[in-house]
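Hey, can you work out the whole structure from these sequences and the hints?
Residue numbers (this note's numbering), protein chains in the order written: chain R, 1 to 165; chain W, 1 to 781.
Warning: the hint list may mix true and false statements.
Stated by the list, open to error - If you anchor each label on the Cβ, the simulated ranges turn out as follows:
(1) W:Gly594 <-> R:Gly87: 56 to 64 Å
(2) W:Glu92 <-> R:Glu127: 48 to 56 Å
(3) W:Ala515 <-> R:Gly164: 33 to 41 Å
(4) W:Thr224 <-> R:Glu127: 43 to 51 Å
Claimed, not checked - Some but not every residue of chain W turned toward chain R, in silico, with C-beta under 8 Å:
(5) Gly23
(6) Ala148
(7) Ile194
(8) Asp243
(9) Gly245
(10) Gly471
(11) Tyr474
(12) Gly672
(13) Ser716
(14) Ile717
As the list claims (entries may be wrong) - Which stretches of chain R does chain W cover? Using the computed rule of at least three CB atoms under 8 Å from a CB of chain W, they are:
(15) 10-24
(16) 36-50
(17) 63-73
(18) 108-118
(19) 126-136
(20) 146-156
Hint data in this document are derived by calculation from the structure and do not stem from the laboratory. All C-beta atoms, glycine included, are put in the ideal place defined by N, C-alpha and C.
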Amino acid sequence: MSEVQTVPVTLRVNGEEKRILVEPRKLLSDTLREDCHLTGTHVGCEHGVCGACTVLVDGRPMRSCLLYAVQMAGRAITTIEGVSSDGQLTPVQQALHEAHGLQCGFCTPGIVLTMEAWLAENPAPSEAEIRDALSGNLCRCTGYHNIVVAIAEAAARLRQAKAGE
Amino acid sequence: MSKPAIGQSLPRKEDHRFLTGQGRYLDDIVVPGALHAHFVRSPHAHARILAIHTEAAARAPGVVRVVTGRDLAQWTTSLRMAPPIQGLHPVEMTTLPIDKVRFIGDPVACIVATDRYLAEDAAELIAVEYEELAAVTDMTRALAPGVALVDELLASNLISHQTFSAGDPARRFAEAPVVVEAEFHQHRQTHAPIETRGCCAQWDEGRRHLTMHVGNQVPHPYRTQLARRLRLSESQVTVVSPDIGGGFGQKIALYREELTVAALSRALKRPVRWREDRNENLLASCHAREDSVRTRAAVDTEGRILALELKIIEDFGAYCFYPANYVARVVALIVSGPYRISNYASDVKSVLTNKCGYGPMRAPMGMVSWVMEGTIEAIARRLGRDAIEVRRINMLSRSELPYRMATGEVLEDITVRETFETALEAFDIARFRERQRADRERGIHRGLGICNVVESTTYGSAFFKAAGIPGSGYEAAWVKVEPSGAVNASTGLMASGQGYETTFAQVVADALGVAPEDVRLTIGNTDTAPYGMGSRGARGGTAGGGALMLAGQALREKVLSIAAALLGLNSSGELRLARGQVERRLGGEWTGTGLSLADIAQVAYLDPLRLPSGMEPGLEAHKAYDPPPMTYSNSTHLCEAVVHTATGRITLERYLVVEDCGTVYNPMIVAGQQHGAIAMGISGVLLEEIVYDGSGQNRSGSFADYMLATAVEIPSIEIISQHTPNRRNPTGSKGMSEGGVMGAIGSVMSAVNDALSPFGVVADRQPLAPDYIRSLLRGKA
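This is the structure:
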């Protein structure tokens with residue numbers, strides 16, 4: 001078996017350019033964690049079901065375990081470490097905290113990123129819609145109850161903030 | 001005085017790091033130069049290992065070492081599981097199998113390489129020669145004569161068998177006007193924490209010391225095992241548990257992979273790490289819950305239970321990481337739950353099969369409430385009576401407490417009638433029945449499920465002694481006030497999402513007299529935490545909270561004694577510490593003394609000659625607390641389900657629980673535990689299933705096959721708190737977090753059977769998958 005060759009790729013992660021050498025087969029999730037040292041992106045299943053590794057690619061939620069780092073040239077990636085621009089918790093993060101919408105916290109970054117993107121397009125969701133949007137993220141601890149409460153609250157706060165602009 | 005911290009829904013201290021991606025789970029710990037381990041696993045359910053060819057893999061790029069069971073046998077000792085329990089056969093397993101594999105996923109070789117991708121590449125170069133053997137995949141057939149033996153040192157696959165009888169059940173059955181039989185079949189499931197297993201072992205050759213990073217619920221017992229099996233002293237091993245991405249009982253045992261990685265780090269004198277993938281986690285970590293129960297009840301014509309007989313058989317899989325009677329025995333021990341049953345007999349069997357080994361999963365005894373409530377419903381059906389009335393006739397009243405069950409278990413501070421009646425009233429049963437009737441006419445089949453739960457939460461040492469199981473139930477804690485007045489505390493528990501850093505800060509805050517935000521709890525490091533039994537069952541709140549309460553109180557006494565001396569008082573009787581300030585009662589009013597906890601700490605550490613004569617310098621207290629034999633909490637679960645008869649689909653439309661779990665440290669966190677437990681129960685009943693086919697192939701190797709409930713399947717959960725304190729422990733806690741699983745299993749089954757009642761069929765097995773529901777209804781709906 002021959003050595004696997006690495007190739008250079010420039011990633012734009014959380015607004016910063018990162019030039020790295022990776023094997024073409026290296027997953028984006030592993031690259032973010034190992035080469036970019038951003039360990040907030042968690043790997044739960046490596047087959048695209050659990051949603052823990054969700055990041056935003058050009059603003060859209062994607063499973064980083066189903067992407068290769070070499071596919072990401074020219075795309076803007078946002079991880080949990082970059083979701084807040086001002087160092088404060090975002091309304092989604094803050095609502096999850098207040099409503100006890102996380103326990104072990106392993107699935108939480110994927111849920112935050114999924115919901116950040118979804119609420120931007122769905123500012124006034126019903127409970128059923130929230131549950132449907134959340135169904136791509138598995139959580140083994142919370143029973144989802146408080147996550148649903150938190151997302152509804154975050155949506156209300158985001159609407160309020162927008163109305164006040 | 002300021003409000004007590006206990007009882008407040010304080011937001012969690014843990015959250016900020018988790019919400020911002022700064023948690024430190026196992027794989028987030030960077031260890032420079034660490035090698036990566038990957039395991040080669042058996043593709044056969046049962047086969048002799050004839051040869052393992054590792055040479056090609058050893059030469060592959062990046063590979064540092066390839067080892068098999070023979071290598072490990074030189075570096076480690078075997079695990080012998082031989083507690084002195086009557087009817088339980090001793091077994092022994094090597095670190096990796098040497099002669100034969102016993103299930104799909106059994107690890108046969110380990111590759112260590114410079115990165116995980118290269119280690120997995122090399123796995124393809126390992127050739128194992130097997131001689132396939134007949135696989136035992138069904139626990140009933142496992143007991144047939146002439147069947148293959150999973151463990152060839154045993155005479156049969158019946159690894160454990162115990163019987164018990166109290167009162168005179170035979171006579172009651174002979175005399176009773178009616179005998180009702182029922183069956184309950186629960187399917188194989190697995191814990192599925194979203195973070196899979198893993199570890200990172202760092203052997204320090206210079207100090208001859210191993211640091212083991214591993215997300216583990218019981219760091220100290222784990223260290224004892226790890227040191228013993230590596231032939232090291234407990235001084236040579238430190239277990240450091242990072243943030244854990246869910247445990248649910250899967251992260252208790254010392255697994256063979258972890259021991260292998262530790263032994264390899266020592267042999268190679270380099271750090272070695274391992275993280276399993278989801279496929280390995282589903283195939284080869286541990287499984288749970290596969291049981292069949294049969295009950296017979298002797299009853300009078302009103303449904304009063306005169307005697308009960310229970311037979312349980314459990315599929316324990318291929319290896320024993322726990323005594324094989326361990327879980328089924330608890331089902332047999334507490335099955336009567338909130339009901340009055342004085343004549344009782346049980347028969348408890350555990351069987352080895354060619355499946356992944358068994359591990360306790362959140363509510364290991366989880367089916368027990370379903371078994372009891374389902375038996376009562378069978379009685380009601382047989383007699384044509386209302387199952388609510390049959391429950392009432394048999395249910396214990398407060399005046400009968402303390403009540404000694406036929407098995408000897410004692411129920412004391414429980415409020416089963418209270419939660420039951422509150423739940424029925426809150427649900428408005430009469431209105432539901434009207435709606436049910438009207439909907440049935442429209443072809444909508446709705447059912448109400450009821451499940452009363454008596455949850456065994458906290459096992460004291462006396463329980464283990466009485467049950468003849470080796471085990472200890474105490475927990476330990478220390479609380480320290482540092483020279484600046486900062487408060488640190490620790491316990492032997494380890495969190496995997498329970499919010500200990502928040503709730504136990506509340507307990508210490510009240511015990512000591514400081515604000516909860518000023519208490520920091522550090523856990524999970526065996527060098528700094530006290531030796532305790534760790535987190536399992538629902539013991540944390542009662543055992544750990546009790547130990548922390550006692551340590552905090554002991555330290556407060558010392559603080560106040562010092563304060564009295566500094567204030568020139570003879571006694572500390574009229575002093576208290578409140579939010580870190582020493583106050584004195586003068587004329588019935590609490591007033592400040594000008595002394596703070598920091599002042600006291602300064603003296604205790606830095607000016608010890610001012611301490612009362614004979615008092616030792618410093619401010620710390622260490623306490624251990626051994627709870628009573630068993631602590632119980634109780635709850636009533638009501639669930640409304642709709643069975644779509646054309647498709648077999650089930651939807652849950654309402655879920656209500658009334659719970660009494662004693663003193664609650666943090667109501668928000670306790671509610672979160674209830675939600676999570678109920679969701680796990682629902683998910684197991686409706687969706688999750690580990691499926692082995694007849695050849696022992698595991699067909700549930702991904703999350704596309706092993707389905708966890710999503711936010712769509714789990715309903716909103718209404719909680720009514722009806723807590724009354726426990727009188728037998730320092731905090732009044734009764735414990736909780738597994739009862740939700742028990743109640744959900746029972747109430748969902750009950751609701752579906754209520755919905756199915758017009759068709760004259762009974763669902764007695766799980767999961768309630770659409771094809772099963774349709775098979776019941778075929779030709780009937």
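These are the hints, each one checked on the structure:
About 39 Å separates the C-beta atoms of W:Gly594 and R:Gly87, a value inconsistent with the hinted range of 56 to 64 Å. Checking the proposed 48 to 56 Å range against W:Glu92 and R:Glu127 shows it holds: the Cβ atoms sit about 54 Å from each other. Checked against the hint of 33 to 41 Å, the C-beta distance between W:Ala515 and R:Gly164 comes to roughly 34 Å, which is consistent with it. Hint check: W:Thr224 to R:Glu127, Cβ distance near 48 Å, so the stated range 43 to 51 Å holds.
A distance limit of 8 Å between C-beta atoms decides the matter here; for W:Gly23 the minimum to chain R is near 5 Å, and the interface restraint holds. Taken as an interface hint, W:Ala148 does not check out: its beta carbon lies about 33 Å from the nearest beta carbon of chain R, beyond 8 Å. The beta carbon of W:Ile194 comes within 4 Å of a beta carbon in chain R, closer than 8 Å, and the hint placing it at the interface holds. Interface restraint check: W:Asp243 against chain R, minimum CB-CB distance 7 Å, threshold 8 Å, status holds.
Checking W:Gly245 against chain R: minimum C-beta separation of about 3 Å stays under 8 Å; hint holds. Residue-level restraint check for W:Gly471 is violated (minimum Cβ-Cβ distance to chain R is 26 Å; threshold 8 Å). Evaluation of the W:Tyr474 hint against chain R yields a violated restraint, the C-beta minimum of about 26 Å exceeding 8 Å. Contact between W:Gly672 and chain R, as hinted, is supported at the beta carbon level, the nearest pair being about 5 Å apart and thus within 8 Å.
For W:Ser716, the interface hint holds, since its Cβ comes within 8 Å of a Cβ in chain R; the closest pair sits about 6 Å apart. Annotation: W:Ile717 was flagged as interfacial toward chain R, and the flag holds, the nearest CB pair being 5 Å apart, inside 8 Å. Proximity of the stretch 10-24 of chain R to chain W, defined as three or more residues with a beta carbon under 8 Å from a beta carbon of that chain, is not established by the 1 residues found. For the stretch 36-50 of chain R, the proposed coverage by chain W is satisfied: 13 residues have a C-beta within less than 8 Å of a C-beta in that chain, meeting the threshold of three.
With 0 residues carrying a beta carbon less than 8 Å from a beta carbon of chain W, the stretch 63-73 of chain R misses the three-residue requirement, and the given coverage is violated. Check result for the stretch 108-118 of chain R against chain W: holds, 3 residues qualifying (beta carbon to beta carbon below 8 Å, three or more required). Only residues whose C-beta sits within less than 8 Å of a C-beta in chain W count toward coverage, and the stretch 126-136 of chain R has 7 of them, enough to reach three; the restraint holds. Restraint check on the stretch 146-156 of chain R versus chain W: 3 residues with Cβ-Cβ distances below 8 Å, three needed, restraint holds.
Hints 1, 6, 10, 11, 15, 17, counting from the list given before, are not met by this structure.
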